[in-house]
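Novice: Just so you know, the sequences run in chain order G and U. Under the working numbering, think of the first position of the first sequence as 4, with each following residue one higher. Under the working numbering, think of the first position of the second sequence as 231, with each following residue one higher.
Keep in mind the hints are simulated off the structure, nothing from the lab. From a predicted model like this one, the values you see are computed outputs, not experimental measurements. Using N, Cα and C, we set each Cβ at its ideal position, and we do this for glycine too. Take these hints with a grain of salt, some might be off.
[Stated by the list, open to error] Computed far set for chain U versus chain G, every beta-carbon distance over 10 Å: (1) Asp-271; (2) Lys-450; (3) Ala-512; (4) Arg-674; (5) Gly-716; (6) Gln-747; (7) Asp-774; (8) Gly-813; (9) Leu-815; (10) Thr-867; (11) Leu-916; (12) Phe-925; (13) Gln-927.
[Said to hold, decoys possible] Ranges between beta-carbon positions, derived for each pair: (14) G/Glu-125 to U/Glu-427: 29 to 37 Å; (15) G/Gly-82 to U/Phe-851: 38 to 46 Å; (16) U/Glu-344 to G/Arg-33: 48 to 56 Å; (17) G/Arg-168 to U/Ser-841: 42 to 50 Å; (18) G/Ala-93 to U/Arg-473: 53 to 61 Å; (19) G/Ala-98 to U/Pro-1005: 31 to 39 Å; (20) U/Pro-451 to G/Arg-33: 31 to 39 Å; (21) U/Glu-427 to G/Leu-74: 38 to 46 Å.
[What the hints assert, rightly or not] With a straight-line cut-off of 27 Å between C-alpha atoms, the simulated DSS-like cross-links for lysine-lysine are: (22) U/Lys-407 to G/Lys-165; (23) U/Lys-407 to U/Lys-689; (24) U/Lys-450 to U/Lys-301; (25) U/Lys-1026 to U/Lys-689; (26) U/Lys-334 to U/Lys-689; (27) G/Lys-165 to U/Lys-260.
What follows is each chain in one-letter form.
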Amino acid sequence: MSLADDSLEETMAVTMTVNGERVSRAVPVRQNLIDFLRTGLGLTGSHIGCEHGICGACSLRLDGAVVRGCLTLAVQADGAEVVTIEGLTASGEAADLQAAFVERNALQCGYCTPGMLMTAAELLASDATPDRDGIREFMSGNFCRCTGYQAIVDAIETVLRKRRRLA
Amino acid sequence: MTAEIKAKLTPLDRPNTYVGRTVSRQGARKAVAGAGQYTDDISLPRMLHAAFVRSPYAHARLTKLDVNAAKTAPGVALVMTGKELAERITAPWLGTLTCFPGMKAAPQYPMVIERACWQGEPVAIVVAQSRALAEDAAELVEIEWQELPAAADKETALDRTTPVIHPDLGDNLAFEKTIGSGDVDAAFKAADIVVEETFRFGRHTAVSLESRAILADYNKPAERLILYTSSQAPHMIQTIYARMLGIPDHNVRIVAPDVGGSFGMKIHSYGDEVATAAASMALGRPVKFIADRLESFVSDIHARENLIKARLAVSRAGDIEAIEIDVLSGAGAYSQYPRTSVFEANQVLTITGGPYRHKHYRAKATVVYMNKVPTSQYRAVGHPIGNSVGESLVDMAAAACGLDPLEIRRRNVMPDDGYPAVTAGGIKVKELSHQKCLAALERRMNYAALRAEQAILRKQGIYRGIGIAAFIKGTAPGPNGYYGIGGAPISLQDACTIRLDPGGGIICAVGVTEQGQGVNTVMGQIAATTLGVPLDQVRVISGDTDATPFGGGTYASRATAIGGEAVLKAAGELRAEILSIAGALLQAPAGSLDIVDGHIVDAGTDRRRISLKEIGRIGHFQLHELPNSVQPRLSVTHRFRLLDDLYILTNGVSGATVDVDTDTGFITLRKAWVVEDCGRIVNPLLADEQVRGGFVQGLGGALYEHCIYDDAAQLVNGTLADYLTPMAGEMPDIDVAHIHTPTSVSELGAKGVGESGTASAPAVVMNAVNDALRPLGARVTEQPMTPEVVLRALGKI
Ligand code: FES
Ligand code: FES
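Just chain G, same shape as in the assembly (with noise of 0.2 Å):
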């Protein structure tokens, strides 16, 4: 959902940090963050698929822990850091992950993809070391309608023994 004209909307002005930028702005009160990000700031890296908080495809992160930006109000994240796969493209934090979901074919029309990556880069950051079936699991609030989950399974397998010193 888009909002063009402020002058139509009931705004609030608020600050964030996106992706290490300050940016500060008013936005309808009732905007999604996702939103607020692809047409507000022209961040049109994290997409939408389902506008109520099952397919992932929106995910980012948000003070550090990752969450639905299409459940999040533009206005919730006053104050906060964001950064979505612009921000972690741009700081390397996840070329290994990038680079082995493009070597193992993790993906297909990429739609999900920003978002599995947001989700991936979680659980690499933690210090979880799940088998398959725990990776299945963690990634299971992410839709992906055309890999079938195994090619993706893999790429983060790859790079969690790598990162584990495992392999």
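Add chain U with the ligands to chain G, keeping to what the hints say.
Specialist: Using the frame of chain G, we list chain U with the ligands on its own:
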């Protein structure tokens, strides 16, 4: 390598070939960085946003439609009703094809004019500065309905007491067809054993993660319409929109940017998308419409709703003699344009029992209209149903004869050395490999060990099931088949325009399209190999009618088989021209030269003579270096189509293991195997992932996915929370292997692969579940096989 062997090798077999090699996708590198560009990511100056008022009823007469309040709502630029839109189009759609004689269909307008025929049918478009404001205004449309009784059940759709949806058609019958061969009645009469069953398949839908999306940009002074849209078939959409909106084809440009999944669902024409284009034309401004998930469930095509009575005759020794099926297929309120809503039933008729040698077959289909979302082509059209029915019958026959499921298939499949042949369903088949696939599957599954383990587990009260299912799949259709002779504006051939640019780069523009399968990469691999250039010297362009030669797009597993051959032929001609220009420059016979790694070389020794970049420079800029007799074209268009064949048939066999919890009815998928034969494989990893992804999509329909309608034809589970899809936690690992029997219809030898997993997964998992339940005397005959279905089969509820 001797000269003789070398001469026999085609460029595809060269040592540095990209064909047969896994290379990664450029599109993937973009997508992982969040740098993809899907339709909704595009914003244009002065862009407006559309929302729709949709019918809340399955069947209702519009008694009042007042849009005045909506028109004056904040930020609103336009409200257009179905009636107003009808005045802007040349003619409604009629979803029939002449290849389906006797088929009836009602004309379909893009939006409701006076009567809604399904819940979700668009009624009015509201265009405003934002989607939110458009939705606000849509709430203000004053609308009154007189609800009418609905046809909600296919089994009563033809009853006298059921309302006729389109009175001009006389009844709700869309189409009837019977095919057959041999003497079915005699075969059943004489049979040792007859097994029979009734199977039910629930409706489901594609749920591409990116929903349908369109951004229409009409430039009034230029009379030019540009549609950015998430489509599989840009040229088809161009033809259809041009016709419907009364604009010459060449003034309509379709751009399909990155497409977030499509699976057949994005190959149809949708009224809300036409309304969006018409709104842009009315306003002279860009208008964007992105279907939200809730409206996707009630407006994207549905598929698979079928009820099938089936029987099979088998000798005591286990020879399949005859199969008969009676199909009742539940379509929606209209026949979807232009592919119709009867194709799925038609495919079930032709492919059921397709792997086997029996001579007697009869199959009847009845397709009826209901007040539900229109149905049409969705990944593997008809095959999941036909394969499930056929393979269930074969397992029942095996049990009746006391044969192992693998053994009965070995006994009855068409032999690998018996082609060409014709199936009992009337399909001409050649170059199939059922026997090789069965043998490979047995090895890969370690079948005997699985059976031994199963026996031990049974003693422990664990109901492990092992399923086997053979399949055939029609891929890459030809023009002598349905759409071509049926009169549809659908291209069955495909095209490539390939050129050498001054910098030495190769631009390869193709009519087939990319939705993440890797079509662009595969086309690039074929072009690079045929020409003899490094892959990164080739750029593939697809999905833009201004930039690509006219083609059919990507559907029916055709991109590599049809589009790839066009690339091969075009690149081959360009190569010949480049060699002749080089010959003129180097004063050497073209035949003594070759192209290797982007350089003209002496054939045989590979000594470098001149680079392709030099040919590009001379061929475009320094033409004085060439003799006057040489006029470079440096651009070649080639097209390819099947000649006599209806399809390029493929085949394969799947295996699966499941555990069934007989207390809860829960099915746990343990592992799956697919061995399939798609001929020559261009990119092994991409082919494997097509099989895996497709297989899981098939599992979704087999186990979870169901568009559930109540008696009033209301969809009761139209959210992603209520409509269950496969998620990572429940899905198994899938072992994929290939047998390579190239097709002889092309030099490339590739057959389709994109739908094979979907075509076979429901059959094999159903067989695995029933293998688990067999000792309990229970049988599941309904998909999706929910816990409730399992418990009902067990007589527990
Ligand atoms: S769009 Fe947010 S979870 Fe689907
Ligand atoms: S790659 Fe298409 S939805 Fe995951």
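Novice: Each hint should be assessed against the structure and marked as holding or not.
Specialist: Going through the hints against the structure:
1. Non-interface call for U/Asp-271 relative to chain G: violated, since the shortest CB-CB distance, roughly 4 Å, does not exceed 10 Å.
2. Every C-beta of chain G lies more than 10 Å from that of U/Lys-450, the closest at about 21 Å, which supports listing it as non-interface.
3. U/Ala-512, annotated as away from the interface, keeps every beta carbon of chain G farther than 10 Å; the closest lies near 19 Å.
4. The beta carbon of U/Arg-674 is kept farther than 10 Å from every beta carbon of chain G, the shortest such distance being approximately 16 Å.
5. For U/Gly-716, the shortest C-beta to C-beta distance to chain G comes to about 29 Å, beyond the 10 Å cut-off, and the non-interface label holds.
6. The Cβ of U/Gln-747 does not lie farther than 10 Å from every Cβ of chain G; its closest approach is about 6 Å, which violates its non-interface assignment.
7. The claim that U/Asp-774 lies off the interface holds: its Cβ sits roughly 18 Å from the closest Cβ of chain G, which is beyond the 10 Å cut-off.
8. The Cβ of U/Gly-813 sits about 40 Å from the closest Cβ of chain G, beyond the 10 Å cut-off, so the non-interface label holds.
9. For U/Leu-815, the requirement that its beta carbon stay farther than 10 Å from each beta carbon of chain G is met, with the minimum near 40 Å.
10. Interface exclusion of U/Thr-867 from chain G stands, the closest Cβ pair being 28 Å apart, more than 10 Å.
11. Against the 10 Å criterion, U/Leu-916 falls within the reach of chain G, whose nearest CB is about 6 Å from its own CB.
12. Not every CB of chain G lies more than 10 Å from the CB of U/Phe-925, the least distance being 6 Å, so the non-interface label is violated.
13. The claim that U/Gln-927 is not at the interface with chain G is violated, since a C-beta of that chain comes within 10 Å of its own (minimum 7 Å).
14. Evaluation of the 29 to 37 Å hint for G/Glu-125 and U/Glu-427 yields a failure: the beta carbon distance comes to about 47 Å.
15. Between G/Gly-82 and U/Phe-851 the CB atoms are about 59 Å apart, so this pair departs from the stated range of 38 to 46 Å.
16. Look at U/Glu-344 against G/Arg-33: about 35 Å separates their beta carbons, and that is not inside 48 to 56 Å.
17. Distance hint for G/Arg-168 and U/Ser-841: a CB-CB separation of about 45 Å, consistent with the stated range 42 to 50 Å.
18. For the pair G/Ala-93 and U/Arg-473, the supplied restraint of 53 to 61 Å is violated, since their beta-carbon distance comes to about 47 Å.
19. Between G/Ala-98 and U/Pro-1005 the Cβ separation comes to about 53 Å, which falls outside the hinted range of 31 to 39 Å.
20. At about 37 Å, the CB distance of U/Pro-451 to G/Arg-33 agrees with the hint of 31 to 39 Å.
21. Hint check: U/Glu-427 to G/Leu-74, Cβ distance near 45 Å, so the stated range 38 to 46 Å holds.
22. With a C-alpha separation of about 59 Å, the suggested pair U/Lys-407 and G/Lys-165 falls outside the 27 Å cut-off, and the hint is violated.
23. Proposed proximity of U/Lys-407 and U/Lys-689 is contradicted: the alpha carbons are some 48 Å apart, above 27 Å.
24. Under the criterion of a C-alpha separation no larger than 27 Å, the hint pairing U/Lys-450 with U/Lys-301 is consistent with the structure, at around 22 Å.
25. Restraint check for U/Lys-1026 and U/Lys-689: the C-alpha separation of about 21 Å stays at or below 27 Å, so the hint holds.
26. With a C-alpha separation of about 56 Å, the suggested pairing of U/Lys-334 with U/Lys-689 is violated against the 27 Å cut-off.
27. A C-alpha spacing of about 24 Å is found between G/Lys-165 and U/Lys-260, which places the hinted pair at or below 27 Å, so the restraint holds.
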